[in-house]
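Start from the sequences and build out the full structure, keeping to the hints where you can.
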Amino acid sequence: MGEIFAGILTCLFLLYQSLKSNEKSSGCWIASSENPPKREYELFCLYYTPIWIGIFAFIVVAQVYESMAEVEYMVVCGGLCIPLFLYPHFCSESKTVPLAERYSFKANVWLAIYSFIGNYWYTHYFYSVLKASYTFPSWRLNDVPICLYFATFFYFSTYHVFSNMAIRKVVTSFQEGWARWFFLAALILAMSYFTAFAETLTISSFPYYDFEDRNMAYTVGSAFYGIYFIVSFPMFYRIYEKKEAGQGFTLGQVIIDSLGAGMLILILLDIVRLYLGIPLTIGVSGQ
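Its first residue numbered 26, the sequence shown is counted upward by one per residue in the working numbering.
No lab work stands behind these hints, which were simulated from the structure alone. Note that CB positions come from ideal geometry on N, CA and C, so glycine has one too. Honestly, I wouldn't trust all of these hints.
As the list claims (entries may be wrong) - Below 30 Å or equal to it, Euclidean Cα-Cα: the simulated BS3-like pairs (lysine-lysine) are:
(1) Lys45 / Lys267
(2) Lys267 / Lys49
(3) Lys45 / Lys194
(4) Lys156 / Lys49
(5) Lys267 / Lys120
(6) Lys267 / Lys194
Unchecked claim - Listed next, with one range per pair, are the computed distances between beta-carbon atoms:
(7) Asn167 / Ala31: 35 to 43 Å
(8) Arg263 / Tyr145: 18 to 26 Å
(9) Arg263 / Ala94: 35 to 43 Å
Here's what the structure looks like:
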């Protein structure tokens, strides 16, 4: 893994040397104050992230999961989604903008669809390609623990706010051109791999999510999982990023956008599976 990350960092460093600073802007991480709906949503997610991570960390470190059954898993994962579900009803836009037109609501819808597709379909690629399995007690939908449909939602809310910040920093700090395009593409690839690896590593302390070959899960599996984010990071960033961009993202268009991202990821996962020559089996238990 050290060699992989060293290679990634070296590539980013070399591409960084060709960038030209934007003299008109010093760059920004959080959405501009001229775009308050997106700025407030990102700040809310950043404040909420340590809370859900802290709760998960306590459950794993204290081994609370040993006394958890189906109901407890649903309560924890579903409960941790509630603040994100409720936020659109209490954000500043709630006073003047209809619910279906609020950025935070559209962001939730985009991520909810994406999370559902990821669990309902993509998980079976992990079952087939990486021989992954979930063995904790759970109610299931399409042989995937239902609690994970909820957990993925708040995971992805955090991931995509951080990816928004990184992409925005590059876009606002450097002049447009091929150099920035290549650096941004490399950065998205790097963030995708790192995000996938970090999640795989941190969840390794949870004994009821297992792989046939854990080393393969860290290396090949991280690249496989990273395919999700190669597509979703830049697509989610586009929503309401420019001041006038909100006019081009109705709720219907956000739904179509998320479904399109989901389909593209599914195709890419299947291309990798076909290249590896591994049959896809759906319906056989991932337990």
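Checked hints:
no. : hint                        : result
1   : Lys45 / Lys267              : 22 Å, holds
2   : Lys267 / Lys49              : 17 Å, holds
3   : Lys45 / Lys194              : 13 Å, holds
4   : Lys156 / Lys49              : 51 Å, violated
5   : Lys267 / Lys120             : 22 Å, holds
6   : Lys267 / Lys194             : 14 Å, holds
7   : Asn167 / Ala31: 35 to 43 Å  : 39 Å, holds
8   : Arg263 / Tyr145: 18 to 26 Å : 24 Å, holds
9   : Arg263 / Ala94: 35 to 43 Å  : 41 Å, holds
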